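Chemist: If you're matching them up, the sequences are chains A and B in order.
Quick note on numbering: the numbering used here labels position 175 of the first sequence as 175, and the sequence is numbered without any gaps.
Quick note on numbering: the numbering used here labels position 205 of the second sequence as 205, and the sequence is numbered without any gaps.
To be clear, the hints were calculated from the coordinates, so they are not data collected in a lab.
Honestly, I wouldn't trust all of these hints.
Claimed, not checked - For each label pair, taking beta carbons as the anchor points, the in silico distance ranges come out as:
no., chain 1, residue 1, chain 2, residue 2, range
1, A, A42, B, D22, 51 to 59 Å
2, A, A113, B, D48, 26 to 34 Å
3, B, W285, A, L289, 48 to 56 Å
4, B, G132, A, A323, 54 to 62 Å
5, A, A113, B, D199, 29 to 37 Å
As the list claims (entries may be wrong) - Chain A is faced by these chain B residues, among others (derived, beta-carbon under 10 Å):
no., residue
6, V28
7, A33
8, A352
Said to hold, decoys possible - So, partial list: chain A residues that the calculated Cβ filter (under 7 Å) puts toward chain B:
no., residue
9, M319
10, I338
11, R385
12, R388
13, A389
Just so we're clear, the structure is a prediction, and the values are computed from it rather than from any experiment.
The beta-carbon is built from N, C-alpha and C at its ideal position, and this holds for glycine as well.
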Amino acid sequence: MADRAYLDHAATTPMLAEARAAWVAQSQRVGNPSSLHTAGRAARRVVEESREAIAADLRCRPSSVVFTAGGTEADNLAVKGLFWGRRDAVGARRVLASSIEHHAVLDPVEWLADHQQAEVAWLPVDERGRIDLASLETELAEPSGVALCTVMWANNEIGTVQPVARIAEMCRAAGVPFHTDAVQALGFLPMDLTAVGADAVTISSHKIGGPFGVGALVLDPAAKVVPVLHGGGQEREVRSGTLDAAGIAGFAVAVAHAVAGQRERAAHVLALRERLIAGIRATVPDARLNGDPGTGAEERLPGNVHLSFPGCEGDLLLMLLDAAGIDCSTGSACTAGIPEPSHVLLAMGADPALARSSLRFSLGGTSTEADVDAVLAALPGAVERARRAGTLAHRAG
Amino acid sequence: MRVVAAMSGGVDSSVAAARLVDAGHDVVGIHLALSRKSSSGRGCCTLDDARDARRVADMLGIAFYVWDLSEQFAADVVDDFLAEYRSGRTPNPCMRCNERIKFAAVLDRAVALGFDAVATGHYARVVPGTGGPELHRAVDAAKDQSYVLGVLGVEQLGRTILPLGGDLKGEVRAEAARRGLLVAAKPDSHDICFIPDGDTAAFLRSRLGDQPGDIVDERTGTVVATHSGAYAFTIGQRRGLGITVATEDAQPRYVVGIDIDARTVSVGPPALLDVDVAEGIRPTWAGPAVGESPVELAAQVRAHAEPVAASARLVDERLVVEFHTPIRGLAPGQSMVLYDGTRVVGSATVDATHRMRVA
Ligand SMILES: Cc1ncc(COP(=O)(O)O)c(C=O)c1O
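Throw the hints in and build the complete structure from the sequences for me.
Modeler: Here's what the structure looks like:
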């Protein structure tokens, strides 16, 4: 695999050596963090030191860090937990959610609508994928019925960054709990959670070089949240399950690294991204960049390149690039390997054919110019072949 | 060679793919998603099957993708199936799928993407001949699937690899087990994949609606029963007619005619089913075409029917086949595949049938 080019850092990124070391070191020690004896206390200490370190890095209170088994669980806890909490407290049933959320938010919201009598207002986005603040304002005009608002910090497919501080402020003024999924933003955008002031923020370890299956919901201790997982009540009675001290230790190291190296990493991947986009524009002139073309931290994730190749099916391009030694993604979710036309692109007004012709390259700290150049070398031929195959499909269909 | 191995998740296509890998080909596994209903259960394209195919590909260390051909399958196979039944014919959807999907859409796409061939786990042999590749019956006569591949042309055969044509089914299963493939014990699928419960009549009724009418005795003209849709019957069908009145000749009654417009199904004694001549449309050729002068061949009209000696000739682009012994129960819509010994000569879809002797 050494000579392959990995451009799918938004899916997951290589584990950092330092994070692995911390993870392995703790995994060699016995001890349940909830146990009262010496071994348990030692594990507990690792967990609490990790919590404090993460809180310091993200500028929030340690008591607000609720460890989970990953981003998906944290999103579920935020969406369902805040909904149930507000429903029980004030009878609110309305959920405001951007129409481009990750499935880890989207599906819980839809589940609440289908099974818990939630009413959903999907907040529209513009053609760059940015939320329409005017419609949010309208929705917040009657805040008493609103259970929560959830808008992701930065989108995993197209990289568009949302004005989360502004949204948090609007929600705060209306007294509506606000959750943001910051899984893709962490490590690439400046992140000061005190300044942003959201009630709940999701982060995930494996997206920033930590181990899989660990994450956190940074949750305002004052927020009323009903648990999703019931049991031992390990995390402030909000989340149950024996804590993974080793995973958490690795996660904390990864967060420290993500935050400390954020500026440098952003500049590094931004330069590569501009090189990749310029190179693709030169060889495949009709490729379309989706999302916000801007280079600022309020505009687009610096490592995200999301393009449509008219006439090509994204999954065929992916397959051809895979055969050419390049790992990338169509960016959208799939069911048993069948790509769905991306709800994100559809929400941005793209037609389904264009949505299916998309490819996402996502860069990370370990990306190199050689990775970019490998894509530039392989892509024109792949596009030509996929286009030929695409015309056939249309003819035969 | 760069080969697309069509992997259904079953035993045969898994072993076929494994052998291609062993032979040193550059193999990519492709599972065809032919239906978007992601329910599990029986049928040939469920989520479980996709997962099984992926597991086998992982074990073989080959790349694996799912190609979503559900729209094309719905249009070219399922809609065609319904349209054929709606017009009183009896189609073979598996042949249609081979003709339009597996060895057309998939093959064309594979070639456009830079592959040389498509491989499947069908039991039949592609053999190099003097005039190009030839399609022959499998060595395992009980498993032979050359009939359902009878619609392939020479160009398609040139890009088709069938690694299992020389094997007995039992050997293939044993090989799957020896290779440690988890699918070794999986049962074969027999049903039409988009009708997993096997109840074709119910499927047709749900799609085509109730169209009640009479079941009439062909000889006497009397109404012997009623039905809820003439399309759900097949020429030669005996069971499920619901006839309770006794026939005067004490012979069982078979469906001998379907008139969709009049909503009438006619039944008669078995002698009325005998067909001496069939006319076929849309002929395909797996080698040199039959011309206007008659050629002595064997004709097979169903996947597991015995071939019958026949002479075949082309009249105004219609393939006219005279059977030397009558065929009992041959419905418009069925495919006739012509053989010269073990070699497939070509195929056509039955459009009309005739009886020489009036019974
Ligand atoms: C925006 C976003 N939210 C949530 C998740 C889910 O996180 P995890 O993989 O830790 O469950 C992902 C990862 O795919 C993501 O990109």
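Chemist: Let me make sure I understand: some of the numbered hints might not hold for this structure. Which ones are they, in numerical order?
Modeler: Those not satisfied are hints 4 and 8.
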